[in-house]
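Enquirer: With chain C's structure known, arrange chain Z on it following the hints.
Here the protein sequences come in this chain order: C and Z.
Following our numbering, the numbering of the first sequence begins with 1 at its first residue and continues without gaps.
Following our numbering, the numbering of the second sequence begins with 1001 at its first residue and continues without gaps.
Bear in mind the hints are in silico, worked out from the structure with no lab data behind them.
Treat each hint with caution, since some may be false.
Under the rule of at most 27 angstroms between Cα atoms (straight-line distance), these lysine-lysine pairs were calculated in the DSS-like manner [stated by the list, open to error]:
hint : chain 1 : residue 1 : chain 2 : residue 2
1    : C       : Lys68     : C       : Lys37
2    : C       : Lys71     : Z       : Lys1009
3    : Z       : Lys1014   : C       : Lys22
4    : Z       : Lys1014   : C       : Lys71
A short list of chain C residues far from chain Z (calculated; beta carbon distances all over 12 angstroms) [as the list claims (entries may be wrong)]:
hint : residue
5    : Gly16
6    : Asp17
7    : Lys58
8    : Arg61
9    : His72
10   : Thr78
11   : Val87
12   : Gly104
Where a beta carbon is used, it is the ideal one built from N, C-alpha and C, also for glycine.
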Amino acid sequence: GENVEQHPSTLSVQEGDSAVIKCTYSDSASNYFPWYKQELGKRPQLIIDIRSNVGEKKDQRIAVTLNKTAKHFSLHITETQPEDSAVYFCAPAGGAQKLVFGQGTRLTINP
Amino acid sequence: NAGVTQTPKFRILKIGQSMTLQCTQDMNHNYMYWYRQDPGMGLKLIYYSVGAGITDKGEVPNGYNVSRSTTEDFPLRLELAAPSQTSVYFCASSVQGKETQYFGPGTRLLVL
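So that you can see chain C by itself, here it is in the shape it has in the complex:
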């Protein structure tokens, strides 16, 4: 099955700085790569996703980059704001039509 690892597990940045979270996966058949955000006590929500025919996708301050050869994809958040504080999960999907969630990265934005 798919092995998914996220790094770092915790990340603290100053407001206005950038944050990068990396996700590595093992299944070479994976072709869908989403990132979910979960605020404290809330449900996970999709913030951005990318498919294997695209190397990078951007939505305002959020971007995802994909390196299929190296089997990793990354979440980039620029100009961080206090409301970006949350836990972020990668969840690549392979041939089994299921998402496999990483263990999460707790991002804290310091004012």
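Expert: Frame of chain C; chain Z shown alone:
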């Protein structure tokens, strides 16, 4: 649209008791999922369904059962509750397997 709804929001069970967690979606999604999330951890897939009448095991199915008699509903049954089943349970749905999953608000379960 209400999206994905779950009941109850919170429940305390005694060891050995049984209960059913309810999940309903009104988006006409084919795929539905049950996850559990232990404190400070990621989401682990318990069971999923690709359509009415079709269910399959996920990563951690032991101690649980599901059924999918309609497109809208996907209940999760806990038999003989154990302290290890203390967790937050999320139901989710999607159009297909590799599309956005929409999560319900979760059910917090405490087994004592």
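Enquirer: Each hint needs a verdict: does it hold in this structure or not?
Expert: Evaluated hints:
no.	hint	verdict
1	C:Lys68 - C:Lys37	holds, 23 angstroms
2	C:Lys71 - Z:Lys1009	violated, 38 angstroms
3	Z:Lys1014 - C:Lys22	violated, 41 angstroms
4	Z:Lys1014 - C:Lys71	violated, 44 angstroms
5	Gly16	holds, 28 angstroms
6	Asp17	holds, 25 angstroms
7	Lys58	holds, 18 angstroms
8	Arg61	holds, 20 angstroms
9	His72	holds, 17 angstroms
10	Thr78	holds, 23 angstroms
11	Val87	violated, 9 angstroms
12	Gly104	violated, 5 angstroms
When each numbered hint is compared with the structure, violations occur for hints 2, 3, 4, 11 and 12.
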